[in-house]
Every structure is written in C-alpha cells, then in structure tokens.
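Just so you know, the protein sequences line up as chains A and B, in that order. With the first sequence counted from 1, adding 402 to any position gets you the working numbering. With the second sequence counted from 1, adding 1150 to any position gets you the working numbering.
Not one of these hints is a red herring.
Using C-beta positions, here's what the derived DEER-type ranges look like:
1) A:GLN416 to B:PRO1560: 51 to 61 Å
2) B:GLN1262 to A:LEU451: 15 to 25 Å
3) B:LEU1238 to A:GLN450: 21 to 31 Å
4) A:SER439 to B:GLN1262: 26 to 36 Å
5) B:PRO1560 to A:THR435: 57 to 67 Å
6) A:THR435 to B:SER1219: 33 to 43 Å
7) B:LYS1233 to A:ARG472: 29 to 39 Å
Derived pair list, reagent style DMTMM-like, types lysine to aspartate or glutamate, alpha-carbon separation capped at 20 Å:
8) B:LYS1248 to A:GLU408
9) A:LYS477 to B:GLU1282
10) A:LYS486 to B:ASP1253
11) A:LYS411 to B:GLU1251
12) B:LYS1248 to A:GLU407
13) B:LYS1248 to A:ASP437
14) B:LYS1249 to A:GLU405
15) A:LYS486 to B:GLU1268
16) B:LYS1249 to A:GLU407
17) B:LYS1249 to B:ASP1234
18) B:LYS1252 to A:GLU405
19) B:LYS1249 to A:ASP487
20) B:LYS1249 to A:GLU428
21) A:LYS433 to B:ASP1253
22) B:LYS1521 to B:ASP1579
23) A:LYS486 to B:GLU1251
24) A:LYS417 to B:GLU1268
25) A:LYS433 to B:GLU1241
26) B:LYS1539 to B:GLU1654
27) B:LYS1583 to B:GLU1627
28) B:LYS1547 to B:ASP1504
29) A:LYS433 to B:GLU1254
30) B:LYS1249 to A:GLU408
31) B:LYS1300 to B:ASP1605
32) A:LYS454 to A:GLU479
33) B:LYS1252 to A:ASP487
34) A:LYS477 to B:ASP1278
35) A:LYS454 to B:ASP1220
36) B:LYS1651 to B:GLU1536
37) A:LYS411 to B:GLU1268
Please keep in mind that the hints were generated in silico from the structure rather than gathered at the bench. Idealized CB from N, CA, C, for every residue including glycine.
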Amino acid sequence: MAEVEETLKRIQGQKGVQGIIIVNSEGIPVKTTLDNSSTVQYAGLIHQLVMKARSTVRDIDPQNDLTFLRVRSKKNEIMIAPDKDYFLIVIQNPSD
Amino acid sequence: MEIVHVYTKDREEFGRQCLLWDRPTELLADILPDQNLASNFIQRNHKDQAVQAGRQVSEHQVNTERFESDSHGVNHVEGGWPKDINPLDMEQTIRFRKKAEKDESYLNSIQQLGSVTEYCSRQNNAVDIYQEPFDGWEEVEESPEPPSAKTINVFRDPNEVRRTVTGLSWHPDGGRKLAAAYSCLDFQKTSRDMSLDSYIWDVENPNRPELILKPASPLVCLDYNPKDPHTLVGVYWDTRRGSQPVELSSVEHSHRDPVYKIIWLQSKTGTDAFSASTDGQVLWWDARRLSEPTERLVLDPTREGNLNRALGAISLEFEATMPTKFMVGTEQGLVVSCNRKAKTPTEKIVCTYDGHHGPVYALQRNPFFPKNFLTVGDWTARIWSEDIKESSIMCTKYQMSYLTDACWSPVRPSVFFTLKMDGMLEVWDILFKQSDPMLSLKVCDRALYSLRVQDNGRLVACGSQQGETTLLEICSELSTLQKNDKSLLAAMFERETKREKILEARQREIRLKERSRSEQSREEEIGREDGEDDPDQLITRAESDFYSQVEAELKRRERREEEALREKDVCEEKEVNDEEEAGRNETSS
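Work out the full structure: start from the sequences and follow the hints.
This is the structure we're talking about:
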C-alpha cells in the first residue's frame, strides 16, 4: 500500500506532470489527482481508445499485445499504461 | 514373315546335359527399310500444340450487402459502477474506491505500471523524442537540378475554325482566371464561319470557358483592370468595349487599324486606359466615357503630328512607377519613348531607340529595374538601358525563327521568357548564361503568339496559332527570388551600360575624325568623285571591310573559345555589332 503511494508520488513529482488517473477495467476511476469532471471525461474516453488500440495490435498479430500508449498533442502528452485489470494514465506537459 | 533358325544334333547327344557357353552374337536376319513402301505414307506437318496443366479457375463478382454505419459521439457521464452503488452518492463511491485500493492485484499492477510510466515521463523530460533533428540548420544548396517546366493545362478554342490567340491577360487577384482574345491576324482572311467570341477561362477547368465575351468584331488584345477585377478592356479593329459589353466607343474617333495593345493606366479614378494601333496613333480613354478619346498622340518621328508619316505601333509599355512616361514599339523597329505630360505634341516624343529590323512585338520594362527594358522583334531579344540611345546593352544571338513575344518574370529580375514562331518557349536567365536560353521547350507545332506570366511567377500562359492556350508551370528554381539576384543584376546592367557609353563616345570620336578628314580631302580634291557620290563603290568598300573584320573576329573568337568567362562572350557579340554599326556608319557618312 505504501509502495503504491510512493510510486504515485514519485510520478507526480516529475517535471511537467499535470495529473494521474488510475482506472479499473470497468472504467471507474479509482484514484485521481485531477478534479472529478476531467477525471470522468478522461476515464471514459481513454478507456475506449485503449480497447481499440489493443484490439488493433492483437488483430495484426494475435501473439502481440499492447504495452504502452502515448498520445502527444500540441499542449501536452497523455501516457497510458494498460494492464489486465487497470490502466494508469499520466498527463504530462513535455518540456521542450 | 518368318525367321527360322536351323540346327542339327546327333542322336547320341540327345538327353545329355546342356552345356552353356558364351558366344558372340550371330546376326539372324537384317531387314532393311523398303523405300518403295514409303510412298504409301505422307509425312505429317509439324504442329505446335500447347498443353497446360493448370488449375481451372473462374472469376465472379460479388457484391456484399451494404453495411450501414453511422457515427455518433457518446457522452460519458459516469460509468461502470456496479449495480448496487449509486454514482451520485459520494459515500458509497468513496467506500467502493477504498475497497478497490486494497485489492492485491491492484497493488501489484500499479507498481509495475508505475515504473513503466515513470520511465517514459522521465524520458520526456530529458529529451524531446519527437523533435526534428536537423531543424535549425540552413538548407544546403542542393545541386541544381536541370530547370524544367511542365504543362498543366491546355485550353482549346471550342470553335471549329481555329483562330490565333492574340492576347492574354491574367486576373489580377491571384490569377485564377485567364482571359484570352482570339482573332485572325491575317487581315483579309476572316472567313464567314469564324466565330467572334473570346473567352475567359478558369485555370482549373480546361473543358469549358468560364465566360464568353461576344464582341462585335474579333478582339485582338485585352487587359484586366488592376484595380477592379471585373472589368476588362478589349480592343479590336475599330472599336473598344468593356467586358459585360457595357460600352462601345464610336467609330469616328477610334483607331482605323487593328489595335494591337491596350493597357490600363494608374490613375485616381482607375478607369483610364490607353491603346496603340498600326494606324500610328496612341489614344487615351476614360472608361466611363468611351465615345471619344481623352487624348491623342500621333507617332511621327519628325514630330510634326502628321498622320501620314506616322509609324504603326505594335506594342505599348507603361510602368506604374513612372506614370508620365511610356514607350511604344513600332512596326518599323523603332522604340519611341514619350512623355505624357508634355504640353505640345512635339515635345511628347522624347527619344527613339533604333533596335530591330522588323516590328517590335513586345516591349516591357524590367519590374525590378525600370530603367532597363526588354524588346523583342525580328530574330533577337534585346535589353536596353534608357540612357543609351544608340544600341541595346545586351542582345541575344540571332535565333532560327522569329520571336513573337516576350515578358519578364515578375519574381526574378534576371529571368525572361520568349516565344518563337516555331512553337518554342524559351526561358532566359541573363545572370546565368547569356548566349543560350536556360530552358527551351517545344510547346506546340504551330507558332506561338502571345505570352503572359502570372504574378506569382510560376504559371505561364502562352497562346498559339491554332487557338490553344497552354498553361505551364515553371520549376521553382526559375520562379523564386535568389539571394543575390538583385544586386548582381544591378551590377551587370551598370557594367553593360558603362560599356555602351564608352563605345558610344568612341564612335563619336571616330565620326568626328572622319568628318574632319573628309572635309579636308574634299577641299583638296574637288574633281575627284568621293564615296558620297558613288554609292556602289562605297558599298563594295564597306562590304569588303565588313567581311575582313568579321573574319578577323571569327579567328579571334576561336582563340577565345576556351575561356568560358561570360563577359568575354558578351564582349564578342558586342564587338560584332559594333563592327556592323561601324560599317553602317561608314556608308552613311
């Protein structure tokens, strides 16, 4: 339990990180550092995106699987780490 | 037939055991082929027969049932909560969340995911992984690819009887439209069936003209009004009119011969234009009142305003930065520079430049250096400086066929385009090479008559005798301004102008000497017939002088051929021209 907290704190402490969201497989945001409405929005939309990405990767090669997804936009970057039951979403402003 | 083998055996040997041994083969019978039997048979023809052992396949077309798909957006408010938990109830959700956090798999997976994410996050901070590696560097000068131009579109005259495209004008706003004037330049050959229409084409649609102009007689040239993109001015045999035929100028006051060129003027009202024709007049018009020209000028070299002695005008030049001066190119090869503001008609004609052996078909000032202008006529193109009246400062070689039109590129000061009678479009870059064009393209088989470059310098429209207008795109090298272009060209023009000035001064000196010498000799020998009275002798002398000079020049040129300096080439051409002039001067003095 404490390690989890520590991990999250470390990520949050990185330069440029705007927020972290942890979503479970049903799409419910379990832990978040952003406000509720943004969290809900991110959770819903990203859940679909990850499903699509994963199915794409597995369609092309059934033995392959999605390990990480990065969506870079003009203003920030959304990094999504999918797992069997949970996703970890980190929104960061890349420094350049 | 039977083949029989006979052998004998003694009686006492019957029943004995067989003893086998080897012996050589014995030929029992040899039946040779009988040629006579061959006549019963006929040899069959060789035949090639293909045999395939492939699999049989057949082709079908299948049309699947249409799959109707629809795009929707979905608005997620809250989702996925298990049935027993009310999403709006804060306590329940918090409790659920706390429970989820205690889950074992949660702990493990988050740890693992966390480390992955941290790596990426750190990476972001360290280096911009999407950055362009060589972004800020200066573009290396790529080795210049050979200049090229490609045809984008061809607009054909939709009528059956083909007419020559004699005038072209680009729409001033961005050049999406091109107006083309069609007429038949062989004066008396207008057939009955020839349609009188002229068209406005949209650049994207070569199949149908966008707008048809229906004048009363064929248009020879037209020009878009630079201020008001909807008005055009078109001119023809006797009358003149605006685009949606609004007005017509009256026949008495207009030109009596085909009007060859018409240009809009810069003025406060934006409605002034002036026109020139082969009847020797230049008329100014106000577009609002076309019944009478506002001003009239007769191109008479003796400055008397006598219409009978006037020179026919073929081309006009007007530069917006010099609103009071303008130039006219004539049928006789002279270029006349005039001042509009002069009070009396005699002062209107400022000076003349004697250039070509035939009509000056095109005349245009360099848009970057207004003191220099380009003329095209007979078989050469010449560049002039305003100050030097004797001869052009630069001249191309005598080409194989007549040059019919030319214009400067509006973006690069050293590039100009010329059109020839054999259907070639040539692009010249005088900074690069003066003896040959940079690019020679055969646009069509018939003669090309009119040329216009669009304002961005990339698109060139040229019109041919068969009524086709071809739209070409010039490669980017020839249509983008290079860094040192202006300064280099300015230096070149200055150099050439200075050279001409020096040559002029020298010519004058020589002439002065000749005159003084001839006067002296005339005083001494009055009876003797001098060159003045015997033109034949003078001519033969001039000819022999000329030829000997030319031969000397050729020899000199062969020696200099190894040197590839541009200046030397220009020098040589200039010297030949000077010798010609010297020969001419001798004949005249």
